[in-house]
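Listed in order, the protein sequences are those of chains A and B. Residue numbering for the first sequence follows the numbering used here, starting at 17 and increasing by one per position. Residue numbering for the second sequence follows the numbering used here, starting at 1210 and increasing by one per position.
If you are wondering where the hints come from, they were derived from the structure by calculation, not from laboratory data. Ideal Cβ placement from N, Cα and C applies to all residues, glycine included. Worth double-checking, as some hints may not be accurate.
[Stated by the list, open to error] Within a straight-line C-alpha distance of at most 30 Å, the following computed BS3-like cross-link-like pairs (lysine-lysine) qualify: (1) B/Lys1483 x A/Lys197; (2) A/Lys197 x B/Lys1447; (3) A/Lys188 x B/Lys1447; (4) A/Lys197 x A/Lys65; (5) B/Lys1307 x B/Lys1447; (6) B/Lys1524 x B/Lys1447; (7) B/Lys1585 x A/Lys188; (8) B/Lys1585 x B/Lys1524; (9) A/Lys197 x B/Lys1453; (10) A/Lys166 x B/Lys1483; (11) A/Lys227 x A/Lys84; (12) A/Lys270 x B/Lys1476; (13) B/Lys1588 x A/Lys167; (14) A/Lys279 x B/Lys1588; (15) A/Lys227 x A/Lys216; (16) B/Lys1572 x A/Lys36; (17) A/Lys227 x B/Lys1216.
[What the hints assert, rightly or not] Covered stretches of chain B (in silico footprint by chain A; criterion: 3 or more residues with CB under 8 Å from a CB of chain A, positions within the stretch not fixed): (18) 1416-1423; (19) 1431-1437; (20) 1554-1567.
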Amino acid sequence: MKIIVCVKQVPDTSGKVAVKPDGTLDRASMLTIINPDDVNAVEAALALKDEYGCKTVVVTMGPPPAEKMLRTIMAMGIDEGILISGREFGGSDTYATSQIIAAGLVHLGIDDDDIIICGRQAIDGDTAQVGPQIAEKLGIPQISYAGDIKKDGNTITVKRMLEDGYMMIQMKTPCLITCVKELNQPRYMSTYGIFEAYQKPLAVYDYNTLKDEPLIDPETIGLQGSPTNILVSFTPPLKGAGTILEGADMNTCKTLAKILDDKHIIR
Amino acid sequence: MSEYNNKDLAAFKDVWVFCEQRQGNLMPTDFELISEARRLADELGCKLYGLLLGGEGIGEKAKELAGFGADGIIVCEHPLLETYTTDGYTKVIVDTVKERKPEVVLFGATNIGRDLGPRCAARLHTGLCADCTHLDVDVPGYQQFLRGASTLDEARIGGLDSALVMGQKHDVSHDLKMTRPAFGGHLMATIICPRFRPAMATVRPGVMKKAPFDEAKANAAEIIKENVVLAESDFETKVLSVEKAAKKLVDLVGADYIVSVGRGIAKDVDLGIKLGQQLADELHGVLGGSRVVIDSGWLSADHQVGQTGKTVHPKVYVALGISGAIQHKAGMQDSEMIIAVNTNPSAPMFEIADYGIVGDLFKVTPMLIEAIREIKANK
């Protein structure tokens, strides 16, 4: 039994986002972080490890510097890291990305009692598509938006969060879960964990590693294997600057209230 | 079933909207998407169908859907479809798509639509664009949209009647152009699915405008009962129960007036929330919050505005002590009027605010409430 966590390194969009004149993101000038929802996925895996003593593996697809992120996650307690990285994988949309990650997981080996956990969605693309698409490529069941996970033998019971409530759903391993941030409170790295992280195994899967996997085909990976294309990306126009009402006193508030009244907002 | 080739573009026609129901009740996104997809079907010169899956008797809801502009509703009734499951719904939708070959399939970007859409697109080997906020087929209409919604220059916009696809110039006049925000709304992208069909998208709830209900259209709609082939053995997941949230959730999406609180309430959370609620009450509105407010447990998740919460476009949005991280702005920047109160004059929220007051929300809010009450008293 092992728990596999799929994570993504993303630009930190909580600060200023730098955009190049051609409308694409200036990634070089931005800090990268572990995608926030994926940290909850890591915690979910560690909680299962605490309870069952099973092996945990973190998998990411990205450029070579993503290794640093994997080490950080291993410092939280994950046992092994896998970095799927290769020029051939570049330009992949969600379809092609899930194809490649699924191939990487097949290469690693999925056992009957394994669980794959992903974050709900990444803050850069916000698609929430790669998790379910990995499950589809692997032919295993999925439950997304997990707010609670219970394991009893090979039966997994998940609380799937909905906008207006929740569903309780059961499935058997091997299976895939995507989790929301309400699921848990992620732990911090420990000092010993940071030291230990650099002793733990980290494998790099490149195109040569995966090229014999049935899921890997030039027709299904990279730019060529991506059904979607970006027609154009652009920045929205800035809204015209508004009015700063000078002074934070009663007169200012009366002015604002009068504006609201003139616009028939006060009823 | 005839041969299915997802690259034979000419074999696919008509626009479909997946019509989600929960416990037999239609979702608001169904009406929004049918209304919007009417225009897309007209631009493509094809028909618009709703695709309704559910338990026995769900077909009775078909006319209610059609009244928003559909030419017909494809009804898939089966006891095993009563409650949503990823496996059951994916199988039936994929079977129906393979048999009838629609050109476009739209889903509401609800928690269910975003669970189902990716699974269907992966099985059909086609493209899916997530959480779209604008859709076009017609090129001049799309270019007109870009003139208002982008900072692209005229030469660039003019050249968007074609794209370079696999090294070849590709005419996009028959492709669905799916526009969506990325990076918290700081960047927008238009996605096409030029080589495969159907083109699929999930569409953000609350963004598309609902058309008026048309009784004549509802009565004229063609109702197609699909033969559903489904067995217990098709299921790997089992729904044990479906629970509605016990307490009434805040309806941020439908609200005309929203007062949201942010990190600025930290020094006295209870008072900050009380003041926000009082101001919301004066405006007959509802209380929202930024991510930090929800993450800190000060308000429940249904109050969250922003990229990871709700997208709102009320008539008035008041931001109390919210600095305006782009994830938050992505969820509220289309509000008709934005009012910001913040002690930090360089808070990004002031960049998009129509009216700003640089000051402490704990001092300003009570004065604003008093000023509003004074006006009401004199009416």
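Taking the hints in turn, this is what the structure says about them:
1. At roughly 26 Å between alpha-carbon atoms, B/Lys1483 and A/Lys197 fall within 30 Å of each other, so this suggested pair holds.
2. Distance hint between A/Lys197 and B/Lys1447 is fulfilled; the C-alpha atoms sit about 24 Å from each other, no more than 30 Å.
3. About 10 Å separates the Cα atoms of A/Lys188 and B/Lys1447, which keeps this hinted pair within 30 Å; it holds.
4. For the proposed pair A/Lys197 and A/Lys65, the alpha carbon gap of about 19 Å is at most 30 Å, so the pair holds.
5. A distance of roughly 26 Å separates the Cα atoms of B/Lys1307 and B/Lys1447; the hinted pair therefore holds under the 30 Å criterion.
6. At roughly 43 Å between alpha-carbon atoms, B/Lys1524 and B/Lys1447 are farther apart than 30 Å, so this suggested pair is violated.
7. A threshold of 30 Å between alpha carbons decides the hint, and for B/Lys1585 with A/Lys188 the separation of about 61 Å lies outside it, so the pair is violated.
8. For a cut-off of 30 Å, the pair hint linking B/Lys1585 to B/Lys1524 stands: about 19 Å separates their Cα positions.
9. A C-alpha spacing of about 20 Å is found between A/Lys197 and B/Lys1453, which places the hinted pair at or below 30 Å, so the restraint holds.
10. For a cut-off of 30 Å, the pair hint linking A/Lys166 to B/Lys1483 is broken: about 37 Å separates their Cα positions.
11. Note on A/Lys227 and A/Lys84: the hinted pairing holds, with a Cα-Cα distance of about 25 Å set against a maximum of 30 Å.
12. This hinted pair checks out: A/Lys270 and B/Lys1476 have alpha carbons roughly 26 Å apart, not beyond 30 Å.
13. Taken as a hint, the B/Lys1588 and A/Lys167 pair is broken in the structure, with Cα atoms around 62 Å apart against an allowance of 30 Å.
14. Straight-line distance between C-alpha atoms of A/Lys279 and B/Lys1588 comes to about 15 Å, which keeps the hinted pair within the 30 Å bound.
15. Between A/Lys227 and A/Lys216, the direct Cα distance comes to roughly 26 Å. Compliance with the 30 Å bound is thereby established for this hinted pair.
16. For the proposed pair B/Lys1572 and A/Lys36, the alpha carbon gap of about 41 Å is over 30 Å, so the pair is violated.
17. Taking the CA atoms of A/Lys227 and B/Lys1216, the gap is about 24 Å. The hint holds against a cut of 30 Å.
18. Interface restraint, the stretch 1416-1423 of chain B with chain A: violated (0 residues with C-beta to C-beta distance below 8 Å; minimum three).
19. Only when three residues or more bring their CB closer than 8 Å to a CB of chain A does the claim for the stretch 1431-1437 of chain B stand; here the count is 0, and the claim is violated.
20. A stretch counts as covered by a chain when three or more of its residues have a beta carbon under 8 Å from one of that chain; for the stretch 1554-1567 of chain B and chain A the count is 10, and the coverage holds.
Hint violations for this structure: numbers 6, 7, 10, 13, 16, 18, 19, all remaining hints satisfied.
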